[in-house]
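> Going down the list, the protein sequences come from chains A and B. According to this note's numbering, the first sequence is numbered sequentially starting from 10. According to this note's numbering, the second sequence is numbered sequentially starting from 10.
No wet-lab data here; the hints were simulated from the structure. Among these hints, one or two may not hold up.
The list cannot tell twin chains apart, which means a pair is met if one copy fits it or any two copies do.
[As the list claims (entries may be wrong)] SDA-like cross-link-like pairs, simulated, lysine to any residue; straight-line CA separation at most 25 Å:
1. 155 / 260
2. 155 / 120
3. 155 / 121
4. 155 / 258
5. 155 / 255
6. 155 / 334
7. 155 / 124
8. 155 / 378
9. 155 / 109
10. 155 / 263
11. 155 / 219
12. 155 / 127
13. 155 / 105
2 protein chains.
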Amino acid sequence: MNGAVGFGVFSIDGDEPRVGFRVGQGVLDLAASGFSSELSEPSLNAFLASGRRTWEAVLGRAVELVEGGHDVVPLEDATVHLPFEVADYVDFYSSLEHATNLGRLFRPDSDPLLPNWRHLPIGYHGRAGTVVVSGTPVVRPRGQSKEPDDSAPRFGPSRRLDIELELGFVVGVPSVLGTALPPAAFRDHVFGVVLVNDWSARDIQAWEYQPLGPFLGKSFATSISGWITPLALLEDRFVAPPVQDPEPLPHLRIAGNWALDIELEVELSDTVVSRTNARGLYWTMPQQLAHATSNGASVRTGDLFASGTISGPDTGSEGSLIELTRNGARPIGVGDGSTRTFLEDGDEVVLRGRAGNVELGEVRGTILPARP
Amino acid sequence: MNGAVGFGVFSIDGDEPRVGFRVGQGVLDLAASGFSSELSEPSLNAFLASGRRTWEAVLGRAVELVEGGHDVVPLEDATVHLPFEVADYVDFYSSLEHATNLGRLFRPDSDPLLPNWRHLPIGYHGRAGTVVVSGTPVVRPRGQSKEPDDSAPRFGPSRRLDIELELGFVVGVPSVLGTALPPAAFRDHVFGVVLVNDWSARDIQAWEYQPLGPFLGKSFATSISGWITPLALLEDRFVAPPVQDPEPLPHLRIAGNWALDIELEVELSDTVVSRTNARGLYWTMPQQLAHATSNGASVRTGDLFASGTISGPDTGSEGSLIELTRNGARPIGVGDGSTRTFLEDGDEVVLRGRAGNVELGEVRGTILPARP
Numbered sequence: 010m011n012g013a014v015g016f017g018v019f020s021i022d023g024d025e026p027r028v029g030f031r032v033g034q035g036v037l038d039l040a041a042s043g044f045s046s047e048l049s050e051p052s053l054n055a056f057l058a059s060g061r062r063t064w065e066a067v068l069g070r071a072v073e074l075v076e077g078g079h080d081v082v083p084l085e086d087a088t089v090h091l092p093f094e095v096a097d098y099v100d101f102y103s104s105l106e107h108a109t110n111l112g113r114l115f116r117p118d119s120d121p122l123l124p125n126w127r128h129l130p131i132g133y134h135g136r137a138g139t140v141v142v143s144g145t146p147v148v149r150p151r152g153q154s155k156e157p158d159d160s161a162p163r164f165g166p167s168r169r170l171d172i173e174l175e176l177g178f179v180v181g182v183p184s185v186l187g188t189a190l191p192p193a194a195f196r197d198h199v200f201g202v203v204l205v206n207d208w209s210a211r212d213i214q215a216w217e218y219q220p221l222g223p224f225l226g227k228s229f230a231t232s233i234s235g236w237i238t239p240l241a242l243l244e245d246r247f248v249a250p251p252v253q254d255p256e257p258l259p260h261l262r263i264a265g266n267w268a269l270d271i272e273l274e275v276e277l278s279d280t281v282v283s284r285t286n287a288r289g290l291y292w293t294m295p296q297q298l299a300h301a302t303s304n305g306a307s308v309r310t311g312d313l314f315a316s317g318t319i320s321g322p323d324t325g326s327e328g329s330l331i332e333l334t335r336n337g338a339r340p341i342g343v344g345d346g347s348t349r350t351f352l353e354d355g356d357e358v359v360l361r362g363r364a365g366n367v368e369l370g371e372v373r374g375t376i377l378p379a380r381p
Numbered sequence: 010m011n012g013a014v015g016f017g018v019f020s021i022d023g024d025e026p027r028v029g030f031r032v033g034q035g036v037l038d039l040a041a042s043g044f045s046s047e048l049s050e051p052s053l054n055a056f057l058a059s060g061r062r063t064w065e066a067v068l069g070r071a072v073e074l075v076e077g078g079h080d081v082v083p084l085e086d087a088t089v090h091l092p093f094e095v096a097d098y099v100d101f102y103s104s105l106e107h108a109t110n111l112g113r114l115f116r117p118d119s120d121p122l123l124p125n126w127r128h129l130p131i132g133y134h135g136r137a138g139t140v141v142v143s144g145t146p147v148v149r150p151r152g153q154s155k156e157p158d159d160s161a162p163r164f165g166p167s168r169r170l171d172i173e174l175e176l177g178f179v180v181g182v183p184s185v186l187g188t189a190l191p192p193a194a195f196r197d198h199v200f201g202v203v204l205v206n207d208w209s210a211r212d213i214q215a216w217e218y219q220p221l222g223p224f225l226g227k228s229f230a231t232s233i234s235g236w237i238t239p240l241a242l243l244e245d246r247f248v249a250p251p252v253q254d255p256e257p258l259p260h261l262r263i264a265g266n267w268a269l270d271i272e273l274e275v276e277l278s279d280t281v282v283s284r285t286n287a288r289g290l291y292w293t294m295p296q297q298l299a300h301a302t303s304n305g306a307s308v309r310t311g312d313l314f315a316s317g318t319i320s321g322p323d324t325g326s327e328g329s330l331i332e333l334t335r336n337g338a339r340p341i342g343v344g345d346g347s348t349r350t351f352l353e354d355g356d357e358v359v360l361r362g363r364a365g366n367v368e369l370g371e372v373r374g375t376i377l378p379a380r381p
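Using the sequences and the accompanying hints, generate a full structural model.
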């Protein structure tokens, strides 16, 4: 298969939303193609909950139909909806390069990487209710901020609106409260992956985030792909992760190839401003899931776990503007000859991911001016 | 009316869960008493979404029936369920005394109150999927921790398991993404309040919380009342809040009596170990809601916003054990003649609230040993 592949929810001409399987520029209407009842709902949640055996049977049959020339709906005729009801949304901080870059900017007077960072995948909960599907415009948030020289905070439209390029995984099969999941349980619980743009208002975030973490600097919107790419289609993209030093505690150890070789890029105003790869993430997805449940917390169908910003070691491989522009000190050029530090009204951002022949669903969003 | 009053979900002998209106030790079965279809669901969400006019009509009719001697189910025969599907869970940090006490313990070398605290209600997102109803046992969480003298972190059962006494409000009517709610919109969106025990593993929290805030130190369980007390029953308990200095920015200003005069107590092992009052909270509920949406984030039916630990200025009015025992340095006595610093396996904690004649639904939980 070629092009973007994944399961999502679509409608045509205002009809009832239904589950579809996208391959490239066509969408197979699963509800209308003789699939089981999990696929007749207006969200993927029932299918996600059905478990690995069903996932793989449905995928196999869907691929067979598409490759056999079954009728598909042209993507351009479809309205794409949020593919699943997001239960809880967790955002990690799993890129060593990103955590180091951010630490340097936010805490210039201390060690950029905090002492806990190499021992556990740092993460926090985000707002599930404001996760939106690719294509949804993003209204520039207002908020409180205070520059170092200001005597008091101000309230107004964010002046440092940023993106974060992330890869998220989606839980299908729930776990039981009070029971930890080992890293090896990952494939039985997780259905697939989506690209995530964790829009971030850096001025709001900088003023609010101590001591309890990001809140309004992030909660105004988080965009995800309209199509979940099943892990089963990425089998040949699992590669060795970076070496972890020190070795993680036993509950976070897992042998094998658990990094995902997915080439990523960020386009801003028709210009690719960053290219990187998800395989460089220090903490792997099975470790993230094991950590999140190590205290007995349960996961539910529809839980979304995002990687945190994916930045590589090289200039031009950073997954956010605050890193790419060194907090605005080094503007970057975009296609029309202008430059950017942070996002301007009207800017369109597109995240793309490619895993060999398979593309992930893109994440597209345009900035609208702040509301009065 | 006297005793605990509120709307919840109950079942009898394994029957279908249904909506009930509790007064004292009796529960009016609303689905069986001629109410509208919103009240025939196995959760309160549809009723919560129906809006203030319906809330008040249903409350009026339910009170009329109970006072008229309508048959009620004895509470002791009912199994009480989580009263609503929690959408997003936000936890604030609105008690000046608590924030000061915790700042002193967690950051002994700097100003206990951070510079942002008096300008906005600090908050963060918690895990909605692990909110449980009063009576649910709480398994002692495992997690990573590192004492200052340890050379490396350890993983094991929390040794500093704590409670947090909080008051939460529950959103009924959703708002629109991209649009802020002014503080004055509070009563049109918020249905009522519940007591909240935000169980906290202090050792896990201390090691993980920088820079992105609490995660596994909190996410293993959060207990709430089985009964939501409608704001309409608390009209005469709204009182003047503490003076705010400096005056908040315009979007957080609201005139009038928005503090809630609710007497609170914490019982541990049959001993009342803390008595305080919600009226002392520095940030009011309408300010919390306005802040949370000030960046355009939307709220949904079932959103739970908790106050953060409610501590008063006096010894014995602190809402957590870490404060009551000065981080374990001053054990407190409990009923059987023993002492406590943090929670031991088998300990039962009960939170109670009283607003004049009306009681809030209690929050009860017993600690089970960590799972192997």
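> Taking the hints in turn, state whether each one holds.
Status of each hint after checking the structure:
Taking the closest pair of Cα atoms, residue 155 and residue 260 come within 25 Å of each other only across two copies (16 Å); inside a single copy the shortest separation is 41 Å, beyond that limit. Proximity of residue 155 and residue 120 under a CA criterion of 25 Å is satisfied in both settings, with 23 Å inside one chain copy and 18 Å between copies. Taking the shortest Cα distances, residue 155 and residue 121 sit within 25 Å of each other both inside one copy (22 Å) and across copies (19 Å). Taking the shortest Cα distances, residue 155 and residue 258 sit within 25 Å of each other only across copies (13 Å), while inside one copy they are farther apart (40 Å).
Taking the shortest Cα distances, residue 155 and residue 255 sit within 25 Å of each other only across copies (15 Å), while inside one copy they are farther apart (38 Å). In this assembly of identical chains, the alpha carbons of residue 155 and residue 334 lie at most 25 Å apart only when taken from the same copy (20 Å versus 36 Å across copies). Taking CA atoms no more than 25 Å apart as the test, residue 155 paired with residue 124 passes between copies only; the shortest distance there is 10 Å, against 28 Å inside one copy. With identical chains, the CA atoms of residue 155 and residue 378 are at most 25 Å apart within one copy only, with a shortest distance of 21 Å there and 46 Å across copies.
In this homomeric assembly, residue 155 and residue 109 come within 25 Å of each other (Cα to Cα) both inside a single copy, at 23 Å, and across copies, at 22 Å. Taking identical chains as interchangeable, the C-alpha atoms of residue 155 and residue 263 lie at most 25 Å apart only when they sit on different chains, with a minimum of 22 Å there against 43 Å within one chain. With identical chains, the CA atoms of residue 155 and residue 219 are at most 25 Å apart both within one copy (13 Å) and between copies (21 Å). In this homomeric assembly, residue 155 and residue 127 come within 25 Å of each other (Cα to Cα) only across copies, at 13 Å, whereas the closest approach inside a single copy is 31 Å.
Proximity of residue 155 to residue 105 under the C-alpha cut-off of 25 Å is restricted to the inter-copy arrangement: shortest distance 21 Å between copies versus 28 Å within a copy.
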